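Asks: Listed below are the residues making up each chain.
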Amino acid sequence: MSTAFLSSWKVRIGLGILAFFCLLALLGPWLAESLLGLDPRANDTDAIALPPGGEHLLGTNQFGQDVLAQVIAGARGSMYVGLIGAVVGTAMAILVGVPAGYYGGRVDAALNFLTNLFLVLPVLPLILIVAGYLQGTGLTTIALIIGFFGWSGGARTLRAQALSIANRDFVRAMRMLGEKGRRLVFAEVLPHLTGLIASMFLHAMIGAVMAEAGLAFLGISDSSAISWGTMIQSAQQQSAVLRGLWWWFVPPGLCIALIGTAAALVNFGVDEFANPKLRVARPVSVRRTKRLARAAATTGGDSR
Amino acid sequence: MSNVLRKEAAVTDRQAIRNPDTADAADAAQESAYVLEAREVTKHFTVRGALGRTSVVRAVEQATVRLKPGQILALVGESGSGKTTLARMLARFHEPTEGEIVLRGEPVSGSRRARRAYHSEVQLIFQDPFGSLNPLHRVRYNLERALRLHQPQLDRAGRERRITELLERVSLTPTDEFAAKFPHELSGGQRQRVVIARALAVEPKVLLGDEPISMLDVSIRLEMLNLLQRLRTEDGLALLYITHDIASARYLCDEIAVMYAGQMVESGPKEEVIAAPQHPYTKLLIESSPDPERGVDDREALFAGADELGEPPSLIDPPTGCRFHPRCPFAMPECREQAPPRTELGNGHWAMCWLHTKGRAGELAGTTHAEATAARRRTLEGAS
Chain A
1 MSTAFLSSWK VRIGLGILAF FCLLALLGPW LAESLLGLDP RANDTDAIAL PPGGEHLLGT
61 NQFGQDVLAQ VIAGARGSMY VGLIGAVVGT AMAILVGVPA GYYGGRVDAA LNFLTNLFLV
121 LPVLPLILIV AGYLQGTGLT TIALIIGFFG WSGGARTLRA QALSIANRDF VRAMRMLGEK
181 GRRLVFAEVL PHLTGLIASM FLHAMIGAVM AEAGLAFLGI SDSSAISWGT MIQSAQQQSA
241 VLRGLWWWFV PPGLCIALIG TAAALVNFGV DEFANPKLRV ARPVSVRRTK RLARAAATTG
301 GDSR
Chain B
1001 MSNVLRKEAA VTDRQAIRNP DTADAADAAQ ESAYVLEARE VTKHFTVRGA LGRTSVVRAV
1061 EQATVRLKPG QILALVGESG SGKTTLARML ARFHEPTEGE IVLRGEPVSG SRRARRAYHS
1121 EVQLIFQDPF GSLNPLHRVR YNLERALRLH QPQLDRAGRE RRITELLERV SLTPTDEFAA
1181 KFPHELSGGQ RQRVVIARAL AVEPKVLLGD EPISMLDVSI RLEMLNLLQR LRTEDGLALL
1241 YITHDIASAR YLCDEIAVMY AGQMVESGPK EEVIAAPQHP YTKLLIESSP DPERGVDDRE
1301 ALFAGADELG EPPSLIDPPT GCRFHPRCPF AMPECREQAP PRTELGNGHW AMCWLHTKGR
1361 AGELAGTTHA EATAARRRTL EGAS
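Chains A and B, in that order, give the protein sequences.
Numbers 1 to 304, taken from this note's numbering, label the letters of the first sequence in order.
Numbers 1001 to 1384, taken from this note's numbering, label the letters of the second sequence in order.
Note that these hints are calculated values from the structure, not bench results.
Bear in mind that the values here come from a model prediction, so they are computed numbers and not experimental data.
Coverage of chain A stretches by chain B, computed from C-beta distances (three or more under 8 Å per stretch; other residues unrestricted):
#: 1; segment: 166-173
#: 2; segment: 176-185
#: 3; segment: 188-197
From the three backbone atoms N, C-alpha and C, an ideal C-beta is built for every residue, glycine too.
Using the sequences and the hints, build the whole thing.
Replies: In structure tokens, the structure reads:
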């Protein structure tokens, strides 16, 4: 199953990019410090706002900090927020969505009400208020807030899926055997949702990375912590765009875009795996393209 | 295919020869109490339309089923006649709207513990073996869960031994190999054996089979029926066999109950019911079951009026009186107005039809359903 899943080039590239960023987040800061001798926080007053090249590969910012070192350190911050946010969000989606779909009735009514409530809440302003209320917002707090407010869509999807699985005969059969509800949910229903949950998790991770960047851009983050979001925010504060310091904000922005692309690629691959109709090169389309190519070749020959 | 059916018929004959001792056994069982009963159970489903209008589907009305240990009762009827609803009530997936389910003479309660105790005695075998096993669990897991839940005293080695026994019981050998398989590695018949083994792991007293062979290949149906037969003779299980296939019911069961539009219309010993049906619907059902012995010409003659045999009525708005009267070639004015009384015909055979009270029961044997329908049409045309 896993090898079939990996045979798609989209999945391989996507997973490759994700793995690269995970490694960067894990080992990057240590490597940058020991091998390149870079400290993301060190202010080099001799090298302020230098363009890329020379000693500083990606240039330096307004404060004389090395942008490469900051991007690497930011990878750790952003991926950390992404991971924690996604874990919290997905766990809540599972805990609310699956029981709602499985048990139905009053449990469903209550949990569905909760889901709908979170679905229609204006999440961004709420996060602003909560983050403002919680003094001293570190990356962990931001990640928890993002996860806590971002589970409702996933819960809805899982509820719908669990609803259809809960009425399948094999669940009925195990219930008749005397299995308890909790075990039915986690041993019979949940394993059928792993594909969906995996793709939801990836989605949530990208969402959390972006949400963190967005919140940092709006000034809701710990200014001492380094993440791609805080980098872009401080670039904006120092009006890097007006002054043409593109190397300050383009690398973190590009990293966020790359992670988004990677997740999208993996999800395409998952879709193709789950839905064979989407697989590339269906015989019909191959035949049609060949025919068109042949037709084009003959008309081309005539005109020549 | 016809080969198999002919073999079935041959085995049925042998069955008939062996019948005396099964009859003795049945007599002995007569003394013992019923193990599971559904007493006058009724199930109404409320459906809500798009505009919020509600209507009631009368899926089962006043049905009574009694099961004795070591006895097989076949419940036959066409699709939508309420057979499966009745089975699901007996398996306690639905609570009956009226009436009660009685296990060993005691009405069962709805509490969770009572339900669990109930299910350690009564197990249902689903129609679709492709749907009733979780594709993500191995055969061993299914059996092990059943053993863990119902025989907690067994230790690991004991469970292992029991799994081997169960798989041998349903002829899935080598057992080690089969225990390690996933459902998708098994054929339909093998899956259904696993389902039966899982039900047997509970050591039930009653098995409810909801069309257990209808999704299987014709070539393995007979093996399945023989397995059920063996469970009955060797373990003394009571079996409710739900089917629309008269031939398999005849092969397997001791008694037949016929359902139409949610009601029981006839019940009795199988040979009597099949040879001399006492309700026009039973007659229609038996005549419309395909028989390879019948020649092509016979078939055409028999079903000359087949397009006018009618359809089962809507259960939301069932016909008044006898529910079969719109399709019945013998219908009388009474049939339209009043539900027929139950007529005892002796030997445990009864039917619910006005023909018996009006002394017209003899007409049933002399004609076929299609013929009677055609004759009725002619008289109606002549009258108008």
